[in-house]
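Q: Heads up: the sequence shown begins at 3 in my numbering, then just goes up one per residue.
A few of these clues could be false.
[As the list claims (entries may be wrong)] What follows is a list of derived Cβ distance ranges for each label pair:
id: 1; residue 1: Gly231; residue 2: Gly390; range: 27 to 33 Å
id: 2; residue 1: Pro362; residue 2: Gly260; range: 34 to 40 Å
id: 3; residue 1: Ala361; residue 2: Ala77; range: 25 to 31 Å
id: 4; residue 1: Gln60; residue 2: Gln404; range: 55 to 61 Å
id: 5; residue 1: Glu94; residue 2: Ala361; range: 24 to 30 Å
id: 6; residue 1: Gln258; residue 2: Ser355; range: 41 to 47 Å
id: 7; residue 1: Gly197; residue 2: Phe102; range: 55 to 61 Å
id: 8; residue 1: Gln258; residue 2: Glu131; range: 23 to 29 Å
id: 9; residue 1: Arg104; residue 2: Pro391; range: 27 to 33 Å
id: 10; residue 1: Asn156; residue 2: Ser355; range: 24 to 30 Å
Since the hints were derived computationally from the structure, they do not count as laboratory data. Bear in mind that the values here come from a model prediction, so they are computed numbers and not experimental data. Think of the CB as a built atom: it goes at the ideal place given N, C-alpha and C, for glycine as much as any other residue.
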Amino acid sequence: MLLKCKGSLSTRRSALVPLYIVATLASLHGTVAHASPQLMTEVDARAAEEVRYASFNQWVSEFRRYAANQGISEATLATAFDGLRYRDRVIELDRYQPEFVRAIWQYLDSAVSSTRIANGQEKYAQHRETAQQMQQRYGVPAEIIVAIWGVESNYGSNFGDFSTLESLATLAYDGRRRDFARGELLAALRIIDQGDIAAEQMKGSWAGAMGHTQFIPSSFEAYAVDGDGDGRRDIWGSIPDVMASTANYLARAGWQAGQPWGAEVVLPAAFDYSQTDRKSSAEWAAQGVRAVRGELPSFDSAAVIVPAGANGPAFIVGPNFRAILRYNNATSYALAVATLADAIAGREGISQSWPRDEAPLTRDDVRTLQQRLNDAGYSVGTADGIMGPNTQTGLRAFQRDQGLVPDGFATQSLLERLR
3 MLLKCKGSLS TRRSALVPLY IVATLASLHG TVAHASPQLM TEVDARAAEE VRYASFNQWV
63 SEFRRYAANQ GISEATLATA FDGLRYRDRV IELDRYQPEF VRAIWQYLDS AVSSTRIANG
123 QEKYAQHRET AQQMQQRYGV PAEIIVAIWG VESNYGSNFG DFSTLESLAT LAYDGRRRDF
183 ARGELLAALR IIDQGDIAAE QMKGSWAGAM GHTQFIPSSF EAYAVDGDGD GRRDIWGSIP
243 DVMASTANYL ARAGWQAGQP WGAEVVLPAA FDYSQTDRKS SAEWAAQGVR AVRGELPSFD
303 SAAVIVPAGA NGPAFIVGPN FRAILRYNNA TSYALAVATL ADAIAGREGI SQSWPRDEAP
363 LTRDDVRTLQ QRLNDAGYSV GTADGIMGPN TQTGLRAFQR DQGLVPDGFA TQSLLERLR
């Protein structure tokens, strides 16, 4: 439901709710006693909606004064806040948690599909000169820039049509991370104030990520650049600005020009999967780690990762993989960008098979796993249903004590063993 600012708050509070209730109840024989439970539920819901409407508008008024004190111009505040709406859908999405945790191979099937690859190659050909210009300027390969574009918004076909201001205002008023959203809303106002984009054109996802490569406002302020020389940073309509901003982000995140992101590897039979530290390529090679194709990349500091455990593919990843993780701190995301870039450039993809017969754990399953690990003395922190590094560390310790391969990959069989 959209709640749009109309009329004064005093009028809405003192007149609209009572009149609505009176009119509705009067239609049922004129007395409250004859009102049906369904009607009373509807009346209660409408009354609650009106209270929230008034509360949201009061919050907006207070934030508007705060933003003015932070230097945002009255002209920007007028265009940004006049008619601003509370978005129920944003809160629904903010509080939604899917029952199942998506397996990495399912994520890659979608993110690096044959269609996504073909479209990426077409976009690369269409914008080759711009992409290569940004590669020369920032040291980030053109195919990596195009791959982030593909993973973030399917090459601009789906970067969202939510008003960034409405999304962030709703989240700052009623979301799970209100302080974060409040800071992002102020950053969005600064962007408008600086003339990069008009308030009505600032569009993106429900969570406030904007444009072709989904910058949140604070990231826009830090990393967006003018790639076409028109004096504005336009990640909504200018592909040169999109590519320059994306490349600048990765360069600032530590991208090392001339190095690959990593490589698929084969691990020796006696490999110690509990290793989580970084080593040089030479040290990994001394343990028997070898590349699936050619030689190991030459890294001074690299990790070996097995995103689906010992029965899935393995990779050696270096500083550039970590730079992609700065863009989105999820191994599945970074691997999707890396392998989509390889495919766009015509390089071969992952050769080893994923353990597709492993049923993914639900979020409740992960919470149970975490609680059981805590109960057994493997402290993993709060049971939040998310397989973070603490949970994987505790799971590896449990696997090691049970005489299992300590790969930190949660399976249904491990959950049953913990039960």
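Q: Does each hint fit the structure? Answer for all of them.
A: Checked hints:
1. Taken as a hint, the range 27 to 33 Å is violated for the pair Gly231 and Gly390, whose Cβ atoms sit roughly 43 Å apart.
2. For Pro362 paired with Gly260, a C-beta distance near 38 Å keeps the hint of 34 to 40 Å intact.
3. Under the hint 25 to 31 Å, the C-beta atoms of Ala361 and Ala77, about 56 Å apart, miss the expected range.
4. For Gln60 and Gln404, the hinted distance range of 55 to 61 Å is satisfied, since their beta carbons lie about 56 Å from each other.
5. Taking the beta carbon of each, Glu94 and Ala361 are about 28 Å apart, inside 24 to 30 Å as hinted.
6. For Gln258 and Ser355, the hinted distance range of 41 to 47 Å is not satisfied, since their beta carbons lie about 31 Å from each other.
7. Between Gly197 and Phe102 the C-beta distance comes to about 44 Å, which lies outside the given range of 55 to 61 Å.
8. Checked against the hint of 23 to 29 Å, the pair Gln258 and Glu131 passes, with Cβ atoms roughly 24 Å apart.
9. Checked against the hint of 27 to 33 Å, the pair Arg104 and Pro391 fails, with Cβ atoms roughly 19 Å apart.
10. Separated by about 27 Å at the C-beta atoms, Asn156 and Ser355 satisfy the suggested range of 24 to 30 Å.
Violation of the numbered hints given earlier is confined to hints 1, 3, 6, 7 and 9; the remaining hints are satisfied by the structure.
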